[in-house]
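Peer 1: Sequence:
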Amino acid sequence: MPSPRQFTDYDVLIVGGGSAGLCAGIWLARCGISFKILERRDGPMRHGQADGVQCRTVEVFESFGIEGALLREAYHVLELAFWAPSDSIGLDGGDCASGGLSKLAKAGGQKSRGITRTHYAPDTEPGISHMPHVILNQARMNSIMTEEMTRVAEKDMIEYGVEVLDVSVDYEQAKDPDAYCVGVTVRRDGDTKHMRAKYVIGCDGAHSIVRKSLGFKMIGDSRDAIWGVMDVYPRTDFPDIRKKVLINSEAGNMVVIPREGDYLVRFYIEMPQHTGAAAADITLADLHEKARLIFQPYKMEFADTTWWSAYAIGQRRADHFTASHRVFLTGDACHTHSPKAGQGMNVSLQDGYNLGWKLGTVLRGRAKPTLLETYVLERQKVATDLIEFDRYFTQLFSTAYRKEHGITPEHFHEQFVKSGRYTAGQALKYDESVIVCLDGARSSAQNLEVGMRFPSAQVVRVCDAKAMQLVRALPSDSSWHIVVFAGDIRGAEASENLDQVSRKLSKIVHKFTPEGAQSDSILHMVLVLSGKRTDIEVAQIPEAFTPIIGRLKLKCLLNIFIDDQSYNSGHGHAYDAYGVKPNDGALVVIRPDQYIAKVCSLGEVEQLDSFFAGFMETFG
Numbered sequence: 001m002p003s004p005r006q007f008t009d010y011d012v013l014i015v016g017g018g019s020a021g022l023c024a025g026i027w028l029a030r031c032g033i034s035f036k037i038l039e040r041r042d043g044p045m046r047h048g049q050a051d052g053v054q055c056r057t058v059e060v061f062e063s064f065g066i067e068g069a070l071l072r073e074a075y076h077v078l079e080l081a082f083w084a085p086s087d088s089i090g091l092d093g094g095d096c097a098s099g100g101l102s103k104l105a106k107a108g109g110q111k112s113r114g115i116t117r118t119h120y121a122p123d124t125e126p127g128i129s130h131m132p133h134v135i136l137n138q139a140r141m142n143s144i145m146t147e148e149m150t151r152v153a154e155k156d157m158i159e160y161g162v163e164v165l166d167v168s169v170d171y172e173q174a175k176d177p178d179a180y181c182v183g184v185t186v187r188r189d190g191d192t193k194h195m196r197a198k199y200v201i202g203c204d205g206a207h208s209i210v211r212k213s214l215g216f217k218m219i220g221d222s223r224d225a226i227w228g229v230m231d232v233y234p235r236t237d238f239p240d241i242r243k244k245v246l247i248n249s250e251a252g253n254m255v256v257i258p259r260e261g262d263y264l265v266r267f268y269i270e271m272p273q274h275t276g277a278a279a280a281d282i283t284l285a286d287l288h289e290k291a292r293l294i295f296q297p298y299k300m301e302f303a304d305t306t307w308w309s310a311y312a313i314g315q316r317r318a319d320h321f322t323a324s325h326r327v328f329l330t331g332d333a334c335h336t337h338s339p340k341a342g343q344g345m346n347v348s349l350q351d352g353y354n355l356g357w358k359l360g361t362v363l364r365g366r367a368k369p370t371l372l373e374t375y376v377l378e379r380q381k382v383a384t385d386l387i388e389f390d391r392y393f394t395q396l397f398s399t400a401y402r403k404e405h406g407i408t409p410e411h412f413h414e415q416f417v418k419s420g421r422y423t424a425g426q427a428l429k430y431d432e433s434v435i436v437c438l439d440g441a442r443s444s445a446q447n448l449e450v451g452m453r454f455p456s457a458q459v460v461r462v463c464d465a466k467a468m469q470l471v472r473a474l475p476s477d478s479s480w481h482i483v484v485f486a487g488d489i490r491g492a493e494a495s496e497n498l499d500q501v502s503r504k505l506s507k508i509v510h511k512f513t514p515e516g517a518q519s520d521s522i523l524h525m526v527l528v529l530s531g532k533r534t535d536i537e538v539a540q541i542p543e544a545f546t547p548i549i550g551r552l553k554l555k556c557l558l559n560i561f562i563d564d565q566s567y568n569s570g571h572g573h574a575y576d577a578y579g580v581k582p583n584d585g586a587l588v589v590i591r592p593d594q595y596i597a598k599v600c601s602l603g604e605v606e607q608l609d610s611f612f613a614g615f616m617e618t619f620g
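Quick note on numbering: full-length UniProt numbering labels position 295 of the sequence shown as 295, and the sequence is numbered without any gaps.
Just so you know, the hints here were simulated from the structure itself, not pulled from any lab data.
Note that CB positions come from ideal geometry on N, CA and C, so glycine has one too.
Hints may be right or wrong, so weigh each one.
Said to hold, decoys possible - Below, in silico cross-link-like pairs of lysine-lysine (DSSO-like), each with a Cα-Cα straight-line distance of 30 Å or less:
hint	residue 1	residue 2
1	466	212
2	466	511
3	217	175
4	429	418
5	193	155
6	511	553
7	466	581
8	429	403
9	368	381
10	532	466
11	418	243
12	403	418
13	581	532
To be verified - What follows is a list of derived Cβ distance ranges for each label pair:
hint	residue 1	residue 2	range
14	570	277	53 to 61 Å
15	217	442	35 to 43 Å
16	126	452	41 to 49 Å
17	552	65	15 to 23 Å
Turn these sequences into a full structure, and let the hints steer you where they fit.
Peer 2: See the structure below:
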């Protein structure tokens, strides 16, 4: 065992530079935490198996202020087409509501061959998010996050070409929250080095060394499905090549994903399992031939294949997600599944999004270490639900299963559309915990669900008449957000209520803010009024909502909004969207990761004191 001085110490070591590790890294950089990402590859990812970016993930990028490049460069998915075997709806292709098309029928082909379009559907449920579902290669997603992490940290945080050999926890030392109790042994350029950390995040994929070092097992299916994926420039007469397409054919199943640019397309192809072939046995010629069979009788040739891969994946979950809340597993290290629903990169990234702010808050001394227990409570259930969803989805894709259970293309389409809220990342609801309080949850804001992400609505900023989404005022900077819906303060009663709320909130803010810290750095207050903007003067607003901040000690006017008509973007009707009655008002507590922690009335402000005391350190 090396002596302590032979170790290199960090607050956090992140094993693996994928989506989960990079997202957690942005949080840690913003919190000023000492950390390092250890990546086995010799450089940044060049290609990735994932590319679907669900609405919730785009919202996460927006919360970090890095959505611009993503939205500019990505393909925006608007429509989904469903294709099925021609004989599943009759030889003539049927008279589908969306205008069914069967080339086979027109060509006079045999009943057992060919595919027909059965339905069109909007890709995402209208109004489900102010952000779209987009497609961008995982390598580019990772580079956007890496650039932000490097910008904030002001140095490179990823060490490439590092092989992690072993991870161990000194469980006796782990009782001391300040101990560097996790040992990590690595090899680089043939040299072995020993590192220590207070915490380790395992983001090292399905074959995770972190997980194996701890003796954790993956439980679930013993059999892997083989998938091929390729990026191609197709020469084809298939009419929906620039749409997202789900194809169930007698020759196999495929997901078609248009890629950024105008011509590049990605094919995800499920390979037959009965042949006994391993992923390593699959060739590019196999993928080309399989694609041609699935698209029959449409022509499918390949002008160029820019990248391809084959991989084995099963529906499994780790039996443990943490070791003493000092080592945490994320992403494929603790849950694996098929690519059918486009969830992998998104769920992995959001594992890191959930964990990063919690580690940063604890390591800065702002919260108690028990906060970290909520990572497993929240994300283990997400993984379990994901695998169950994927198992059901896989059955729907199976030709044999559909025939055995009489599942029609109409039923498949109906089930897929029903699952749209889940696949968009908007169905997640965290259970009650120290940071999710269900008491009085919906009495003051009927349309808000505690434990779910805070939905956005358009408001108008009072100081400059700018129409904007309210979530823009809730950045991912590790602070908690307290949104006060105070109604129309032109009335004396509403104005007096706001003054009282402001005084009580100021005491709570003082209690949980360290001396010398910026007044809104822990609890950030946002005011949303109703009424007419031009009738409001800043002098009417309590000082708690206009704090003096920054090096130059300037008054901040950026957190006061009103639900009113804008000059160019109409009226957002935010109070209606959230189910808040202007005469009653409401108070909403939003976590650093934009999930709703608590909803109460304006007369219940004192409840916030005991709520925050449950997991935060006190200073005042």
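Peer 1: Taking the hints in turn, state whether each one holds.
Peer 2: Comparing the hints with the structure gives:
no.: 1; hint: 466 <-> 212; verdict: 52 Å, violated
no.: 2; hint: 466 <-> 511; verdict: 33 Å, violated
no.: 3; hint: 217 <-> 175; verdict: 25 Å, holds
no.: 4; hint: 429 <-> 418; verdict: 17 Å, holds
no.: 5; hint: 193 <-> 155; verdict: 22 Å, holds
no.: 6; hint: 511 <-> 553; verdict: 21 Å, holds
no.: 7; hint: 466 <-> 581; verdict: 23 Å, holds
no.: 8; hint: 429 <-> 403; verdict: 34 Å, violated
no.: 9; hint: 368 <-> 381; verdict: 23 Å, holds
no.: 10; hint: 532 <-> 466; verdict: 14 Å, holds
no.: 11; hint: 418 <-> 243; verdict: 20 Å, holds
no.: 12; hint: 403 <-> 418; verdict: 21 Å, holds
no.: 13; hint: 581 <-> 532; verdict: 16 Å, holds
no.: 14; hint: 570 <-> 277: 53 to 61 Å; verdict: 57 Å, holds
no.: 15; hint: 217 <-> 442: 35 to 43 Å; verdict: 40 Å, holds
no.: 16; hint: 126 <-> 452: 41 to 49 Å; verdict: 18 Å, violated
no.: 17; hint: 552 <-> 65: 15 to 23 Å; verdict: 21 Å, holds
The structure is inconsistent with the numbered hints 1, 2, 8, 16, although it conforms to all the rest.
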